[in-house]
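Using the sequences and the accompanying hints, generate a full structural model.
There are 2 protein chains.
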Amino acid sequence: MNDNKTEIIRILKAAGNKAVSGQEIGAKLGITRAMVWKYVRDIRKEGYDIQSSPKIGYTLISSPDMLYPEQIKIGLETSLFGREIVYYDEIESTNSIAKDIANRYPEGTMVIAETQKKGRGRLGSEWQSTPGGIWFSLILKPSIPLEYAPRITLVAGLAVAKSLRRFGVDARIKWPNDVLINGKKVCGILTEVDAEVEKVDYLVLGIGINANVRMKDFREDVKESSTSLEAELGKPVNRIELIKDLLYELEQQYIKFKTQQFSNIVSEWISLSDTIGKEVTVTTPVKIIEGKAVGVTDKGALLVKTRNNTREEIIAGRCRYAKT
Amino acid sequence: MNDNKTEIIRILKAAGNKAVSGQEIGAKLGITRAMVWKYVRDIRKEGYDIQSSPKIGYTLISSPDMLYPEQIKIGLETSLFGREIVYYDEIESTNSIAKDIANRYPEGTMVIAETQKKGRGRLGSEWQSTPGGIWFSLILKPSIPLEYAPRITLVAGLAVAKSLRRFGVDARIKWPNDVLINGKKVCGILTEVDAEVEKVDYLVLGIGINANVRMKDFREDVKESSTSLEAELGKPVNRIELIKDLLYELEQQYIKFKTQQFSNIVSEWISLSDTIGKEVTVTTPVKIIEGKAVGVTDKGALLVKTRNNTREEIIAGRCRYAKT
Chain A
1 MNDNKTEIIR
11 ILKAAGNKAV
21 SGQEIGAKLG
31 ITRAMVWKYV
41 RDIRKEGYDI
51 QSSPKIGYTL
61 ISSPDMLYPE
71 QIKIGLETSL
81 FGREIVYYDE
91 IESTNSIAKD
101 IANRYPEGTM
111 VIAETQKKGR
121 GRLGSEWQST
131 PGGIWFSLIL
141 KPSIPLEYAP
151 RITLVAGLAV
161 AKSLRRFGVD
171 ARIKWPNDVL
181 INGKKVCGIL
191 TEVDAEVEKV
201 DYLVLGIGIN
211 ANVRMKDFRE
221 DVKESSTSLE
231 AELGKPVNRI
241 ELIKDLLYEL
251 EQQYIKFKTQ
261 QFSNIVSEWI
271 SLSDTIGKEV
281 TVTTPVKIIE
291 GKAVGVTDKG
301 ALLVKTRNNT
311 REEIIAGRCR
321 YAKT
Chain B
1 MNDNKTEIIR
11 ILKAAGNKAV
21 SGQEIGAKLG
31 ITRAMVWKYV
41 RDIRKEGYDI
51 QSSPKIGYTL
61 ISSPDMLYPE
71 QIKIGLETSL
81 FGREIVYYDE
91 IESTNSIAKD
101 IANRYPEGTM
111 VIAETQKKGR
121 GRLGSEWQST
131 PGGIWFSLIL
141 KPSIPLEYAP
151 RITLVAGLAV
161 AKSLRRFGVD
171 ARIKWPNDVL
181 INGKKVCGIL
191 TEVDAEVEKV
201 DYLVLGIGIN
211 ANVRMKDFRE
221 DVKESSTSLE
231 AELGKPVNRI
241 ELIKDLLYEL
251 EQQYIKFKTQ
261 QFSNIVSEWI
271 SLSDTIGKEV
281 TVTTPVKIIE
291 GKAVGVTDKG
301 ALLVKTRNNT
311 REEIIAGRCR
321 YAKT
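Residue numbers (the UniProt record's numbering), protein chains in the order written: chain A, 1 to 324; chain B, 1 to 324.
These are calculated hints, taken from the structure and not from any lab test.
Take these hints with a grain of salt, some might be off.
[What the hints assert, rightly or not] Cut-off 30 Å, straight-line C-alpha distance, at most; resulting in silico cross-link-like pairs (DSSO-like, lysine-lysine): (1) A:299 x A:287; (2) A:256 x B:185; (3) A:185 x A:141; (4) B:117 x A:141; (5) A:99 x A:55; (6) B:258 x A:199; (7) A:199 x B:305; (8) A:38 x A:99; (9) B:141 x A:141; (10) A:216 x A:117; (11) B:278 x A:199; (12) B:258 x A:305; (13) B:235 x B:118; (14) A:141 x B:99; (15) A:117 x B:99; (16) A:292 x B:117; (17) A:299 x B:258; (18) B:235 x B:174; (19) A:55 x A:38; (20) A:199 x B:118; (21) B:292 x A:199; (22) B:256 x B:185; (23) A:18 x A:99; (24) B:117 x A:199; (25) A:118 x B:199; (26) B:287 x A:141; (27) A:73 x A:292.
[As the list claims (entries may be wrong)] Listed next, with one range per pair, are the computed distances between beta-carbon atoms: (28) A:170 x B:305: 45 to 53 Å; (29) A:30 x B:106: 53 to 61 Å; (30) B:165 x A:308: 38 to 46 Å; (31) B:124 x A:308: 46 to 54 Å; (32) B:124 x A:64: 38 to 46 Å; (33) A:92 x B:165: 43 to 51 Å; (34) B:106 x A:279: 35 to 43 Å; (35) B:288 x A:306: 18 to 26 Å; (36) A:268 x B:216: 41 to 49 Å; (37) B:106 x A:277: 41 to 49 Å; (38) B:125 x A:34: 55 to 63 Å; (39) B:104 x A:79: 51 to 59 Å.
Beta carbons: idealized from backbone N, C-alpha and C, even for Gly.
Here it is as structure tokens:
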């Protein structure tokens with residue numbers, strides 16, 4: 001959407017239920033009243049309900065329930081995250097697009113889609129991107145050694161949990177970065193890395209949130225273990241407000257990650273942990289560890305006390321809880 | 001090059017300086033003598049000198065000094081590395097091509113070029129790909145966690161050093177993976193990674209060897225610190241034989257990496273180390289460490305004893321020797 005259209009929406013939003021005249025809008029943008037009218041007509045086509053009264057002006061009645069960049073950008077409090085947004089109605093996978101464009105787009109660029117046809121989960125699994133959810137990827141370019149890359153997953157999980165809690169749910173983090181409500185998954189994160197062994201070139205952080213997904217729309221095999229914000233709260237959330245809050249929290253935690261001791265993030269992560277104290281099975285490409293999750297180290301590794309009383313530190317892996 | 005042409009070269013090579021009749025070659029390949037003649041004509045165009053005597057047959061006098069896949073494949077003793085070869089006369093960068101094709105080509109695929117227009121060194125530096133050198137990339141798909149990726153650089157450095165030594169030079173390894181002869185760089189390695197944080201999708205191992213590079217062809221700024229095999233040996237090496245030997249050694253070390261304790265590779269690496277005992281400055285994206293290199297850990301990290309007597313373990317970084 002071009003800047004004039006974004007600006008018109010911003011002006012009408014700021015005016016609330018008061019009308020703004022075409023002349024006033026035109027004067028602010030340096031365009032004629034006739035041009036304002038043409039833009040308003042285009043904006044309506046995107047689902048905005050705009051009332052126009054002769055001699056009085058335009059009033060924004062309602063905005064469409066879409067994740068349009070101009071909606072996200074109005075009132076966004078970040079300086080980097082989501083300042084550049086690549087929007088798709090439907091796309092194969094936001095992570096795939098983000099990887100394709102990462103070299104030529106700035107850090108903090110967000111790729112967002114209403115639906116994904118081939119949403120990807122961790123380790124090659126399929127991620128169901130049901131309508132009503134929030135599916136996006138962020139391009140990050142931290143100057144860190146490769147071995148620090150897994151830490152980003154903890155940073156992201158913490159930011160999502162903190163943001164969701166502000167919307168009224170008891171979100172907790174399953175190591176390393178699934179976000180659960182009452183033990184059921186509401187958010188998954190897929191972090192992909194492109195790097196030299198000495199230095200990360202870029203990270204792509206894929207975040208999928210079952211925001212207003214209907215329970216009946218979950219695939220049979222994940223239905224029992226999944227939930228949505230709408231289901232937990234009994235009403236839909238404002239997705240745009242959630243995205244803005246989440247981008248802000250992600251940026252805050254990312255700055256903390258880059259400027260402070262990682263142990264500061266870990267200690268906050270631990271306070272929202274769903275995993276510590278549980279019996280777990282953790283699978284990595286080289287081994288499977290079974291035991292009790294007893295903590296997370298300063299470096300973000302999960303500490304597991306195995307049955308024969310050894311303590312294993314696991315930097316990254318897939319974690320399953322033992323059935324109780 | 002198609003299989004029949006490769007096969008004809010193979011037959012002529014096997015016959016040494018004895019002639020092989022067109023009829024005999026045709027019978028082996030199931031084609032007519034006229035077709036054999038057409039293939040021989042094409043093969044000659046690629047720089048092979050093939051003598052043909054009426055009634056006697058064809059004799060291979062000499063092969064061109066090119067890195068053609070069919071030359072590399074004849075007598076290659078690997079089962080995976082270099083079994084698939086993508087060849088370019090000139091290319092921007094073999095690593096870039098390897099990354100582009102990694103998802104659809106099998107593990108062990110080699111991308112090789114006579115020259116690179118934009119050869120890439122570590123951390124964004126330019127790598128000079130002077131004619132006479134060997135510039136290639138290998139696609140690897142080990143099932144390892146991301147934190148093991150830096151180990152591949154030690155594996156590659158060790159394999160290169162071992163292979164070069166068999167060609168008569170005292171090759172030693174500067175941590176993590178530069179290969180030196182008499183303190184001068186003869187080989188550089190650039191490892192790039194594409195991964196989820198839990199698992200490596202693929203690694204691209206870029207290897208550049210100053211094989212028959214003339215000293216006068218080195219760029220001024222690297223001339224003093226570089227050398228070539230030709231300069232050290234006083235005569236050119238057979239690049240095809242070197243590549244075949246190196247692919248074999250790389251595969252051997254890679255199998256060891258995947259099936260044995262990493263400490264086995266480290267101990268052999270240490271025996272060829274040029275770095276241990278030297279005063280070094282190591283730069284990582286998060287810090288600079290100065291001190292004496294005193295060892296390499298079982299996990300491949302460089303151990304540096306700093307001036308205030310602390311010991312730092314560095315998993316990956318750029319290492320410079322102090323001027324003496």
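For the pair supplied as a hint, residue 117 (chain B) and residue 141 (chain A), is the alpha-carbon distance within the 30 Å limit? holds (27 Å)
Given the hinted pair residue 216 (chain A) and residue 117 (chain A), is their Cα-Cα distance within 30 Å? Holds. Residue 216 (chain A) to residue 117 (chain A) sits at ~19 Å (cutoff 30 Å).
Given hint residue 258 (chain B) paired with residue 299 (chain A) - CA-CA distance at most 30 Å: Cα-Cα ~26 Å, so holds.
So the hint says 41 to 49 Å: do the beta-carbon atoms of residue 106 (chain B) and residue 277 (chain A) match that? Hint holds: Cβ distance 44 Å, inside 41 to 49 Å.
Between residue 199 (chain A) and residue 118 (chain B), does the CA-CA distance stay at or below 30 Å? It holds: about 20 Å lies between the C-alpha atoms, which stays within 30 Å.
Satisfaction of hint between residue 99 (chain B) and residue 141 (chain A), Cα-Cα up to 30 Å: The hint holds at about 19 Å.
Just to be careful, I want the Cα atoms of residue 278 (chain B) and residue 199 (chain A) compared with a cutoff of 30 Å; is the pair within it? Within the cut-off at roughly 24 Å; holds.
Given the hint that residue 18 (chain A) pairs with residue 99 (chain A), test it: the Cα-Cα distance must not exceed 30 Å. Given pair residue 18 (chain A), residue 99 (chain A) is violated - Cα atoms ~43 Å apart, limit 30 Å.
Given the proposed pairing of residue 73 (chain A) with residue 292 (chain A), does the C-alpha separation stay at or below 30 Å? The given pair, whose Cα atoms are some 44 Å apart, is violated under the 30 Å limit.
With respect to the beta-carbon atoms only, verify the hint that residue 165 (chain B) and residue 308 (chain A) lie 38 to 46 Å apart. holds (44 Å)
Does residue 258 (chain B) pair with residue 199 (chain A) here, judged by a C-alpha cut-off of 30 Å? holds (23 Å)
Decide if the proposed pair is consistent with the structure: residue 287 (chain B) and residue 141 (chain A), CA atoms, cutoff 30 Å inclusive. Between residue 287 (chain B) and residue 141 (chain A) the Cα gap is close to 17 Å, so the pair holds against 30 Å.
Violation of the numbered hints given earlier is confined to hints 2, 5, 8, 16, 23, 27, 35, 36 and 39; the remaining hints are satisfied by the structure.
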